[in-house]
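There are 2 protein chains.
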Amino acid sequence: MTLPSIVPGRTKLGWIGTGVMGKSMCAHLMRTGFAMTIYNRSHAKTQELVGLGAKLASTPAEVAQQSDVVFVMVGFPHDVRQVIMGEDGVLTKLRSQGIVVDMTTSSPQLAQDIFRAAKAKNCHSLDAPVSGGDIGAKEARLSIMVGGEREPFEALKPCWEAMGKTVQFQGAAGSGQHTKMVNQILIANNMVGLCEAMLYAYRSGLDPVEVLKSVSSGAAGSWSLSNLAPRVLNNDFAPGFYVEHFVKDMGIALEEARRMNLALPGLALAHQLYVALCAQGMSRLGTQALIQALATLSGFDWRNRT
Amino acid sequence: MTLPSIVPGRTKLGWIGTGVMGKSMCAHLMRTGFAMTIYNRSHAKTQELVGLGAKLASTPAEVAQQSDVVFVMVGFPHDVRQVIMGEDGVLTKLRSQGIVVDMTTSSPQLAQDIFRAAKAKNCHSLDAPVSGGDIGAKEARLSIMVGGEREPFEALKPCWEAMGKTVQFQGAAGSGQHTKMVNQILIANNMVGLCEAMLYAYRSGLDPVEVLKSVSSGAAGSWSLSNLAPRVLNNDFAPGFYVEHFVKDMGIALEEARRMNLALPGLALAHQLYVALCAQGMSRLGTQALIQALATLSGFDWRNRT
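Residue numbers (my numbering), protein chains in the order written: chain A, 1 to 306; chain B, 1 to 306.
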């Protein structure tokens, strides 16, 4: 048995999880010419894609029954486990040599469990989390980090190219998720630095806009500083990426690190500050809201600063 | 009394502190056509500039006697205080309307002390720390962050342009130093993130070079990641910027923050990890050596990893 080649117009794709990210990514695949069957827990979020010609299924298993390759983009690891390995999950119906691709940011251990379960059914699995947020998804500029076997990774090239700009194979099952954890460790610490720097600038009486001109383009520069500091200064806490999802990601990274006997004190601190942000009722804001937890720590409200 | 205009070939400049940074910056001013009198505690480090035509003085006061404007680029705040306000310091001999410019990264409080002392002698002072490291100094691509009064800042335009690429006036005396603290707060947290991310990548069995391809150009990207992660992976700990100077900078920022009633837990953690690095005898390595303190924390030697 060999892998079927993946051809727009012939290969049938499935998509589970049509939230902000999933919707854009799925739409790119459809525009490339793939026939698509979709499922989402809340049907309201499927309408746009149905309008574009997607078939709506009533369970993940039904998606699998109609598809050669099934993509998953849901919220939390327990959702991933449910839609792939649960009672009405993808693996109950996926055909032999079918491929399931989990693009949710989830646990490397779970990716390995799925890999073994897929193998047992003569199927393939890849873990392929992404970085780049809602904008990256919309503009098909995602970084896609892939773990699993190289053959299905290569076979899916037309799909990766429809959704992403940087596509890297990272190694065995779980390696895509591990790479995403590296990404989140970087962002977590960058966010603490960005918010502490903005607090210091404010409290020392500097003009933060002039300060950004001095620090953005040099050795202190980062994507976070260029893209999120202006939102912090404008009290714009609309979610590009939800606090509660970031807390989940950092929790996974800390648990994995503990398992590998690795202490990550900076990540642990960032995680706790974000947990505090949730405790203050801000779990559905964007990650740049961290400044509010840090301001509260020093006894003031960032939004009401003078 | 008004400020003299600053003209290459006519205005006489002084330079105190001809280490790695100072030497390059001073040489740029000389190439622009300024006559230069220099001083350094260790004479060996002045030879190259003397070869280019600089006059050597035997005290900071003697530099001031020969100069309309004196630049200072030394190591620590106590050195700054000594060469500007000490017994044989710049302010004992600087002429009325002369300007002293401290480009050392130093305390905002000290910058304000110097400003007042200069005023009392009818002189001007500016605090003008820089970012960009030895390479930025060499290539005249520094970011220069200036505090003090706007008039001497504007007057010195030909000098800034000879040394830097991004030159910003940030406000009253001390504001240049405060802005540099913002810069260092960003870098400190970025460095923790970078090192923790590289440790996680290593311990989870990923190929760090492939990982960098996935994470560098997206939302986790930063100057530190692009420039220092490759050195970390190559066990290259040669100093672009000394650990001991970074510890000094973070100490100043934490002390200033405490004075402003501002808690900066991320900076405090980074500071402590760098203090640990000094305790392990690595204060004269580059800041990227932080990975060794973090690896030691988890019980292994980064340089002897397999």
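It should be emphasised that the hints constitute simulated quantities derived from the structure, not laboratory data.
Keep in mind it's a predicted model, so treat the numbers as computed, not measured.
Using N, Cα and C, we set each Cβ at its ideal position, and we do this for glycine too.
Don't take each hint at face value.
[To be verified] Among the chain A residues that face chain B by a calculated CB cut under 8 Å, a handful are: (1) P158; (2) A188; (3) N189; (4) E210; (5) A257; (6) L262.
[What the hints assert, rightly or not] Straight-line distance between alpha carbons at most 30 Å, and here's what the computed DSSO-like set of lysine-lysine pairs gives: (7) A/K213 - B/K138; (8) A/K165 - B/K138; (9) A/K213 - B/K213; (10) A/K138 - A/K157; (11) B/K213 - A/K119; (12) B/K119 - A/K213.
Results of checking the hints against the structure:
no., hint, in the structure
1, P158, "20 Å, violated"
2, A188, "7 Å, holds"
3, N189, "3 Å, holds"
4, E210, "6 Å, holds"
5, A257, "6 Å, holds"
6, L262, "5 Å, holds"
7, A/K213 - B/K138, "21 Å, holds"
8, A/K165 - B/K138, "35 Å, violated"
9, A/K213 - B/K213, "28 Å, holds"
10, A/K138 - A/K157, "19 Å, holds"
11, B/K213 - A/K119, "29 Å, holds"
12, B/K119 - A/K213, "29 Å, holds"
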